[in-house]
Structures are given as structure tokens and as C-alpha cells.
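*Asks:* The lines below spell out each chain.
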Amino acid sequence: SQQGEEDPQALSIQEGENATMNCSYKTSINNLQWYRQNSGRGLVHLILIRSNEREKHSGRLRVTLDTSKKSSSLLITASRAADTASYFCATAVIQGAQKLVFGQGTRLTINP
Amino acid sequence: SAVISQKPSRDICQRGTSLTIQCQVDSQVTMMFWYRQQPGQSLTLIATANQGSEATYESGFVIDKFPISRPNLTFSTLTVSNMSPEDSSIYLCSVEKGPGGAFFGQGTRLTVV
Numbered sequence: 018s019q020q021g022e023e024d025p026q027a028l029s030i031q032e033g034e035n036a037t038m039n040c041s042y043k044t045s046i047n048n049l050q051w052y053r054q055n056s057g058r059g060l061v062h063l064i065l066i067r068s069n070e071r072e073k074h075s076g077r078l079r080v081t082l083d084t085s086k087k088s089s090s091l092l093i094t095a096s097r098a099a100d101t102a103s104y105f106c107a108t109a110v111i112q113g114a115q116k117l118v119f120g121q122g123t124r125l126t127i128n129p
Numbered sequence: 039s040a041v042i043s044q045k046p047s048r049d050i051c052q053r054g055t056s057l058t059i060q061c062q063v064d065s066q067v068t069m070m071f072w073y074r075q076q077p078g079q080s081l082t083l084i085a086t087a088n089q090g091s092e093a094t095y096e097s098g099f100v101i102d103k104f105p106i107s108r109p110n111l112t113f114s115t116l117t118v119s120n121m122s123p124e125d126s127s128i129y130l131c132s133v134e135k136g137p138g139g140a141f142f143g144q145g146t147r148l149t150v151v
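Chains A and B supply the protein sequences, listed in that same order.
Quick note: to get my numbering, add 17 to the position in the first sequence (first position is 1).
Quick note: to get my numbering, add 38 to the position in the second sequence (first position is 1).
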């Protein structure tokens with residue numbers, strides 16, 4: 018079963034506002050990653066946070082990880098129309114080989 | 039980084055037929071991963087393909103339905119066999135290069151009619 022649960026399932030905001038997406042998972046992880054998918058195409062890796070890290074920044078992206086609550090959040094600041102996409106969290110678990118388990122995703126729409 | 043070329047990008051197929059999807063990577067990788075994304079859903083791992091050995095399938099996926107080849111360290115194919123409309127999905131291949139996350143092909147959008 019899918020390990021990651023994301024909320025909200027859909028988010029619509031005005032350009033310039035901040036967007037926050039949340040992800041929860043169930044088991045121990047090696048790291049947690051966030052991906053973006055435009056219009057059902059391939060996924061693009063955004064950021065990776067390791068299990069011993071609590072916060073990470075990359076440009077307009079800020080990711081937090083709370084392993085005690087088994088949750089993560091992705092914040093996109095100063096949103097742009099080009100940020101319109103689906104965002105997925107993926108947890109990396111070790112089962113022989115490292116595998117990614119994806120959350121259900123958040124569909125983000127930025128209105129101009 | 040890794041550049042992955044996946045083809046076809048889309049196809050419309052008759053039920054009962056098979057489609058083979060190809061994935062070419064611009065560098066050698068140990069493992070390649072195949073995912074399915076059903077309409078409006080998230081990604082589900084189908085199998086992990088290692089060069090020189092049988093692919094490892096996830097629960098709910100079997101080799102007869104999704105045979106995989108991995109003839110060398112830069113190439114893999116996934117076949118969707120005896121297709122039905124329920125197989126209509128996006129199929130994606132993926133590789134990992136170091137600790138920085140996974141790289142994905144652009145996906146194959148399959149419609150079975």
C-alpha cells in the first residue's frame with residue numbers, strides 16, 4: 018500500500034502567495050523526497066531531506082521533516098504560474114534495495 | 039545526473055495486444071525501476087530491473103503480464119501483455135544516480151481501447 022498520504026489533494030492560490038503541502042508516512046525511512054509532475058509527464062526531483070535532517074532549503078522551496086510525527090511539509094514561497102503542477106512526496110525505504118514509495122500527490126494551481 | 043529517453047511517448051492499443059516500452063539511459067546504472075501511474079493516481083512501483091538477473095516484481099504485478107528485459111546497463115524494456123482497458127495508464131522508468139534522488143523518463147501514456 019502507499020506509505021505517503023498527502024494533503025491537501027488540491028490547492029488553488031493566487032500568484033505571489035505561499036503554498037504549503039503536507040505528507041505523512043507510516044514506517045521508518047532513509048530519506049524523504051519531493052517531486053513535481055507537469056501534466057502527466059515525467060517527474061522532476063525537487064529536494065531530498067535525510068532522516069537526520071529537520072529542515073532544508075532550495076531556492077523558493079523549504080522542506081521540513083518531523084520523524085517523530087512521521088510527517089513532512091513542502092513550502093513554496095512567492096508562487097508563480099509556472100509552479101502549477103502535481104507535487105508528490107516519496108519515502109525511501111530500505112528493503113534489500115532502496116525503493117521509493119510515493120504519496121497520493123497534491124494538485125497545485127497558481128492563478129495569475 | 040541522468041538523461042532518460044523513453045519511447046513511445048504515447049500509444050493507443052487494441053485490447054488483447056501487447057506493447058513494449060523502451061527506456062534508454064545516457065550512463066550506466068545498476069538498477070532501473072518501472073512505475074505505473076493510473077489516471078489521477080500516484081505512482082506504483084511495478085518492478086526493479088537489474089542487469090543480468092530476473093526483475094523483482096512488487097506485490098500485485100507478475101512477470102507474465104509485465105515481462106521486463108535488461109540486456110545491459112543502459113537499457114531496459116517493459117512489455118504490457120494482453121492489454122485490457124484497465125491497463126490504461128502512464129508508465130514511467132526511473133534510475134537513481136547517487137544520493138540526490140531519482141531521474142525519470144517522460145513517461146508513456148497508454149490508452150487501451
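Note that these hints are calculated values from the structure, not bench results.
Mixed in with the good hints there might be a few duds.
[Unchecked claim] With a straight-line Cα cutoff of 30 Å, these simulated DSBU-like cross-link-like pairs (lysine-lysine) come out:
#1 K45(B) to K103(B)
#2 K103(B) to K135(B)
#3 K86(A) to K73(A)
#4 K116(A) to K86(A)
#5 K73(A) to K43(A)
#6 K116(A) to K87(A)
#7 K135(B) to K45(B)
#8 K87(A) to K45(B)
#9 K43(A) to K87(A)
#10 K116(A) to K73(A)
#11 K43(A) to K116(A)
#12 K43(A) to K86(A)
#13 K103(B) to K86(A)
#14 K103(B) to K87(A)
#15 K43(A) to K135(B)
#16 K45(B) to K73(A)
#17 K45(B) to K116(A)
#18 K73(A) to K87(A)
[Claimed, not checked] So these bits of chain B aren't anywhere near chain A, every CB distance computed over 12 Å:
#19 Q52
#20 R53
#21 S80
#22 K103
#23 T115
[As the list claims (entries may be wrong)] Derived CB-CB ranges, DEER-like:
#24 L92(A) to P137(B): 16 to 26 Å
#25 T44(A) to T68(B): 22 to 32 Å
#26 E96(B) to N69(A): 22 to 32 Å
#27 A27(A) to K103(B): 27 to 37 Å
#28 N120(B) to E70(A): 27 to 37 Å
#29 P25(A) to P109(B): 41 to 51 Å
Small disclaimer: the values here were computed from a predicted structure and weren't measured.
Cβ atoms here follow ideal geometry from the backbone N, Cα and C, with glycine treated the same way.
*Asks:* If a hint holds in the structure, say so; if it does not, say that too.
*Replies:* The hints, checked one at a time:
1. K45(B) to K103(B): Roughly 19 Å between the alpha carbons, so the hint for K45(B) and K103(B) holds.
2. K103(B) to K135(B): 28 Å, holds
3. K86(A) to K73(A): Given pair K86(A), K73(A) holds - Cα atoms ~17 Å apart, limit 30 Å.
4. K116(A) to K86(A): 21 Å, holds
5. K73(A) to K43(A): 21 Å, holds
6. K116(A) to K87(A): 18 Å, holds
7. K135(B) to K45(B): 21 Å, holds
8. K87(A) to K45(B): Outside the cut-off at roughly 37 Å; violated.
9. K43(A) to K87(A): The hint holds at about 7 Å.
10. K116(A) to K73(A): 22 Å, holds
11. K43(A) to K116(A): Given that 30 Å is the threshold and the Cα spacing comes to 15 Å, the pair holds.
12. K43(A) to K86(A): The hint holds at about 9 Å.
13. K103(B) to K86(A): 39 Å, violated
14. K103(B) to K87(A): 35 Å, violated
15. K43(A) to K135(B): Holds: K43(A) and K135(B) sit about 26 Å apart, inside 30 Å.
16. K45(B) to K73(A): Answer violated: K45(B) to K73(A) is near 35 Å, above 30 Å.
17. K45(B) to K116(A): With a Cα-Cα distance of about 23 Å, the restraint between K45(B) and K116(A) holds, given a limit of 30 Å.
18. K73(A) to K87(A): OK: K73(A) and K87(A) at ~16 Å, within 30 Å.
19. Q52: The claim stands: Q52(B) keeps its Cβ more than 12 Å from every Cβ of chain A (closest is about 22 Å).
20. R53: 22 Å, holds
21. S80: 5 Å, violated
22. K103: 20 Å, holds
23. T115: 17 Å, holds
24. L92(A) to P137(B): 16 to 26 Å: Taking Cβ atoms as reference, L92(A) and P137(B) lie about 23 Å apart, which means the hint holds.
25. T44(A) to T68(B): 22 to 32 Å: 24 Å, holds
26. E96(B) to N69(A): 22 to 32 Å: 28 Å, holds
27. A27(A) to K103(B): 27 to 37 Å: Taking Cβ atoms as reference, A27(A) and K103(B) lie about 32 Å apart, which means the hint holds.
28. N120(B) to E70(A): 27 to 37 Å: Check failed, 46 Å falls outside 27 to 37 Å.
29. P25(A) to P109(B): 41 to 51 Å: 44 Å, holds
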